[in-house]
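*Asks:* Using the hints provided, position chain A relative to the given structure of chain P.
Single-letter residue listing:
Number of protein chains: 2
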Amino acid sequence: MNLDLMRELSVSTDSKIVLLVLDGLGGLPNADGRTELEAANAPNLDRLAAEGDLGLSRPVAAGVSPGSGPGHLALFGYDPIEYLVGRGVLSALGIGFGLGENDLAARINFATKDESGRISDRRAGRIPTEDASKLVDLLNENVKLDGVEVSIRHEKEHRAVVVFSAEGLSDALSDSDPQRTGLEPLPVEPENDAAEKSAKLANEFVAEADRILADEHPANTVLLRGFGMHPALPSFQDTYKLDAAAIATYPMYKGLARLAGMDVLKEGGPDFAGELETLKQSWDAHDFFFVHVKATDAAGEDGDAGRKSSVIEGVDALLPDLLDLGPDVLAVTGDHATPAKMLSHSWHGVPFLLHSPYTLPTAESFGERTCAGGSLGMFPGEEIMGLLMGHALKLNRYGA
Amino acid sequence: MNLDLMRELSVSTDSKIVLLVLDGLGGLPNADGRTELEAANAPNLDRLAAEGDLGLSRPVAAGVSPGSGPGHLALFGYDPIEYLVGRGVLSALGIGFGLGENDLAARINFATKDESGRISDRRAGRIPTEDASKLVDLLNENVKLDGVEVSIRHEKEHRAVVVFSAEGLSDALSDSDPQRTGLEPLPVEPENDAAEKSAKLANEFVAEADRILADEHPANTVLLRGFGMHPALPSFQDTYKLDAAAIATYPMYKGLARLAGMDVLKEGGPDFAGELETLKQSWDAHDFFFVHVKATDAAGEDGDAGRKSSVIEGVDALLPDLLDLGPDVLAVTGDHATPAKMLSHSWHGVPFLLHSPYTLPTAESFGERTCAGGSLGMFPGEEIMGLLMGHALKLNRYGA
Numbered sequence: 002m003n004l005d006l007m008r009e010l011s012v013s014t015d016s017k018i019v020l021l022v023l024d025g026l027g028g029l030p031n032a033d034g035r036t037e038l039e040a041a042n043a044p045n046l047d048r049l050a051a052e053g054d055l056g057l058s059r060p061v062a063a064g065v066s067p068g069s070g071p072g073h074l075a076l077f078g079y080d081p082i083e084y085l086v087g088r089g090v091l092s093a094l095g096i097g098f099g100l101g102e103n104d105l106a107a108r109i110n111f112a113t114k115d116e117s118g119r120i121s122d123r124r125a126g127r128i129p130t131e132d133a134s135k136l137v138d139l140l141n142e143n144v145k146l147d148g149v150e151v152s153i154r155h156e157k158e159h160r161a162v163v164v165f166s167a168e169g170l171s172d173a174l175s176d177s178d179p180q181r182t183g184l185e186p187l188p189v190e191p192e193n194d195a196a197e198k199s200a201k202l203a204n205e206f207v208a209e210a211d212r213i214l215a216d217e218h219p220a221n222t223v224l225l226r227g228f229g230m231h232p233a234l235p236s237f238q239d240t241y242k243l244d245a246a247a248i249a250t251y252p253m254y255k256g257l258a259r260l261a262g263m264d265v266l267k268e269g270g271p272d273f274a275g276e277l278e279t280l281k282q283s284w285d286a287h288d289f290f291f292v293h294v295k296a297t298d299a300a301g302e303d304g305d306a307g308r309k310s311s312v313i314e315g316v317d318a319l320l321p322d323l324l325d326l327g328p329d330v331l332a333v334t335g336d337h338a339t340p341a342k343m344l345s346h347s348w349h350g351v352p353f354l355l356h357s358p359y360t361l362p363t364a365e366s367f368g369e370r371t372c373a374g375g376s377l378g379m380f381p382g383e384e385i386m387g388l389l390m391g392h393a394l395k396l397n398r399y400g401a
Numbered sequence: 002m003n004l005d006l007m008r009e010l011s012v013s014t015d016s017k018i019v020l021l022v023l024d025g026l027g028g029l030p031n032a033d034g035r036t037e038l039e040a041a042n043a044p045n046l047d048r049l050a051a052e053g054d055l056g057l058s059r060p061v062a063a064g065v066s067p068g069s070g071p072g073h074l075a076l077f078g079y080d081p082i083e084y085l086v087g088r089g090v091l092s093a094l095g096i097g098f099g100l101g102e103n104d105l106a107a108r109i110n111f112a113t114k115d116e117s118g119r120i121s122d123r124r125a126g127r128i129p130t131e132d133a134s135k136l137v138d139l140l141n142e143n144v145k146l147d148g149v150e151v152s153i154r155h156e157k158e159h160r161a162v163v164v165f166s167a168e169g170l171s172d173a174l175s176d177s178d179p180q181r182t183g184l185e186p187l188p189v190e191p192e193n194d195a196a197e198k199s200a201k202l203a204n205e206f207v208a209e210a211d212r213i214l215a216d217e218h219p220a221n222t223v224l225l226r227g228f229g230m231h232p233a234l235p236s237f238q239d240t241y242k243l244d245a246a247a248i249a250t251y252p253m254y255k256g257l258a259r260l261a262g263m264d265v266l267k268e269g270g271p272d273f274a275g276e277l278e279t280l281k282q283s284w285d286a287h288d289f290f291f292v293h294v295k296a297t298d299a300a301g302e303d304g305d306a307g308r309k310s311s312v313i314e315g316v317d318a319l320l321p322d323l324l325d326l327g328p329d330v331l332a333v334t335g336d337h338a339t340p341a342k343m344l345s346h347s348w349h350g351v352p353f354l355l356h357s358p359y360t361l362p363t364a365e366s367f368g369e370r371t372c373a374g375g376s377l378g379m380f381p382g383e384e385i386m387g388l389l390m391g392h393a394l395k396l397n398r399y400g401a
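If you read the protein sequences in the order shown, they are chains P and A.
The working numbering applies: residue 2 is where the first sequence begins, and numbers increase by one.
The working numbering applies: residue 2 is where the second sequence begins, and numbers increase by one.
Only chain P is shown next, with the shape it has when bound in the complex (with noise of 0.2 Å):
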């Protein structure tokens, strides 16, 4: 997607978009022949998709299964190669944690090192949680690095985030986990000029942590990975002249949708039928919602197709109550798929249903092959904002 061309064309109007996003509601045939969305009995979805556009997006690139990030990157309309979102930036955002643009992530693992200074643990024995909260706390007290302000937030087990914030810092820096036990950890090393103070201080904090952490057990060191930076997105706002709201119930997607700029409601409650309340109660102050649904994903994680069936009839049964609001414009899509045979994200293509008064429809049903065969056909999960603007009326005509 041409972000400049939408700049060009994009007009704020009344109109408003919903796009729904199901995690990993993209499946593959399991053992009854039927995918996941293909074996949910959804006549609200079949309804969409028989008035609707159907197609398949394609989040990163063939063969590519996205995380998280790249896979909401694209469905923002942001080229997921271009603007790469750190694991360190995700963990951030996976705990709460607001993110500026002179801020630089990491992930912290907790670790043990022998007399030898080698590490014999890279996990600390996978500390439990409530000893590395101790943990974290201590060296948020007591670390001192000149010129910059070091957050430690923990995760779990022996898992935490650290944040630094100072002007000029870069995330071009190589790990110092050595990523096996029996070697020492490594320098963090500058990937080019302009990283050299970052590794400087990202040494000085694990020299620092080493003297905290000096007479604890197991975890008497840190291993530094993933560093990464706010990447600084062209916002909603300027990019397509949209107030655009996110509705979610997990931190990093809430993150997700702040770095794009749009403002993170307050979900009514840990479900579907709580963010559709949170929905209803905001309608008249955005043009575009984001809303999330994470238990789809999470379903085909475990490998529980019926479960991953069950999450997409509970959202289909609440529809009528969207549709009661009157959207001009509702997309139901994923970020990727979470095929339940291979419990993991995949890269296949996404089902992807729009719901406007300009269709061109082809199925009576939502499936992946019904997608497979729709009138927008294999496309890219980057270009969806640009259908989702055109649907709305809300891009100019391109040239005279």
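Derived by calculation from the structure, the hints in this document are not laboratory data.
Incorrect hints may appear among the rest.
In this list, chains with the same sequence are indistinguishable; a pair is considered to hold if it fits within one copy or across any two.
[As the list claims (entries may be wrong)] Straight line, CA to CA, 30 Å or less: simulated DSS-like cross-link-like pairs of lysine-lysine:
#1 342 <-> 242
#2 17 <-> 342
#3 342 <-> 267
*Replies:* Below, chain A without anything else, positioned relative to chain P:
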């Protein structure tokens, strides 16, 4: 489309290609559930479809409705975002004003300025065509600018076109039209240093026009907008080794074909029958024919689905005469969609039919939905020329 690749691989042969463009061909389902093309009784097109390749082409980008300029540039194989044809250029082409590489065109609105210097009517009361025509003559006789040739031609009512001819001109200029009444006209501003000379020229032209029109009423000034220059397209001859000819009845489409270096043939009459006559007479003299039918788009813009279907039926009835000429490749498509239900150009996929001895047929009729399921799928419009060249066996193998 990679023009360099075409230039490298293309060879001149005896085979003949016809690109038949039904302007605004694409449509959406109307009240009876069928698009204009699906509803048309077009047995010849259906037979060609049953023997041909089908697909949906996208002229510019997802969700983006193309103007006639970008739509045709894509058909001719040029990236419509790289090669933008300014509105002033299209206006000039639209009234048969041939543009050279040193010509800068802009649209003129005759307007009314009050005594305080503010614009009180941006269209000079939609001054009648015969009055405006006299003012154009007055300007042509009296405007004097140093080192530049200036030609003004009347379009209709308050609208005209001015073309400046000199070395070193640029179209990186802002409009003088303030867009609202009650404001003073804006000075034309250069967007970069290279456009300073052109900005100065444009402002001098406005001052000259003000002097010459001072005693006229209501048209006592001119507003300039849509500056554009010849986009300097790589020529058909150079890129494809084609001796290409255009048959069209509207000046704008002749002009677009001329930009690509095609010979523009005198049409035999105002309709497709007349164009077919011209095609027959010129058959031996060229190896590529762009034939343009306007009436489909006009019917779509009028919201008249029935008339659009009738136009398609009229073309269909004469197709046997075209086929009797024995084209090696015949493509039938549009430059964009103009769904009758939208009364305007739209972003939707454009039905594309290619008939040659080397096709993979997939359906028995020519329609948006058979094209969606066709062997070409959804593809960028600028790939059409490559398909035509390939099917005409005018491209060498790439690599050993």
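*Asks:* If a hint holds in the structure, say so; if it doesn't, say that too.
*Replies:* Evaluation of the provided hints:
no. : hint        : verdict
1   : 342 <-> 242 : between (41 Å within a copy, 26 Å between copies)
2   : 17 <-> 342  : between (36 Å within a copy, 21 Å between copies)
3   : 342 <-> 267 : neither (34 Å within a copy, 40 Å between copies)
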